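Use the sequences and the hints to build the structure in full.
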Amino acid sequence: MFLGEHQHTLDAKGRVILPARFRDRLAGGLVFVPGQDRCIDIYPAASFERRVEELRALPRDDQRARAYLRVFLAGAHQDSPDGQGRVTVPGRLREYADLDRDLTIVGADEKVEVWDRGTWETYRSDAERAFAELDRLLPLQATP
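All residue numbers for the sequence shown refer to the working numbering, where the first residue is 7 and numbers rise by one.
Careful, some of the hints might be misleading.
[Claimed, not checked] What follows is a list of derived Cβ distance ranges for each label pair:
| no. | residue 1 | residue 2 | range |
| --- | --- | --- | --- |
| 1 | Leu-144 | Ala-80 | 31 to 39 Å |
| 2 | Ala-114 | Arg-135 | 13 to 21 Å |
| 3 | Arg-70 | Arg-27 | 30 to 38 Å |
| 4 | Glu-134 | Pro-96 | 29 to 37 Å |
Everything labelled a hint here was simulated from the structure, so no lab data went into it.
In this text, all values refer to a predicted model and were calculated from it rather than measured experimentally.
Glycine included, each C-beta is placed from N, C-alpha and C at the ideal position.
Following this line, the structure appears as structure tokens:
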């Protein structure tokens, strides 16, 4: 599971150093895809394959499902970290997520999200307000 928020920078060649605690899970290969909310999602290769299998299970006669799978796969880019834990973020994805130099890398369960730092700070601020409200509404579960 990927967790936490990490501040990193994009170098002049479009490379970013992955957080050290994420590297082992991504060492076997990774896939970049456009994420929701104008970020970039990074999946370990095996997790990406499972995600594609889930999408393949959607009804083929549903135009929205076909369009989603098409856009999802068209935006995908495979890579592997180099010896220093760096990956090159494809130019079209940097443009999609409006990435500048300063980035925030977020652990998001089975994937990693790469955000422009300013965009992330705005998103997080808005989401924290919603989180506080939802937290009050969710029933507390007793732990064994």
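Hint check:
no., hint, verdict
1, Leu-144 with Ala-80: 31 to 39 Å, "37 Å, holds"
2, Ala-114 with Arg-135: 13 to 21 Å, "19 Å, holds"
3, Arg-70 with Arg-27: 30 to 38 Å, "36 Å, holds"
4, Glu-134 with Pro-96: 29 to 37 Å, "30 Å, holds"
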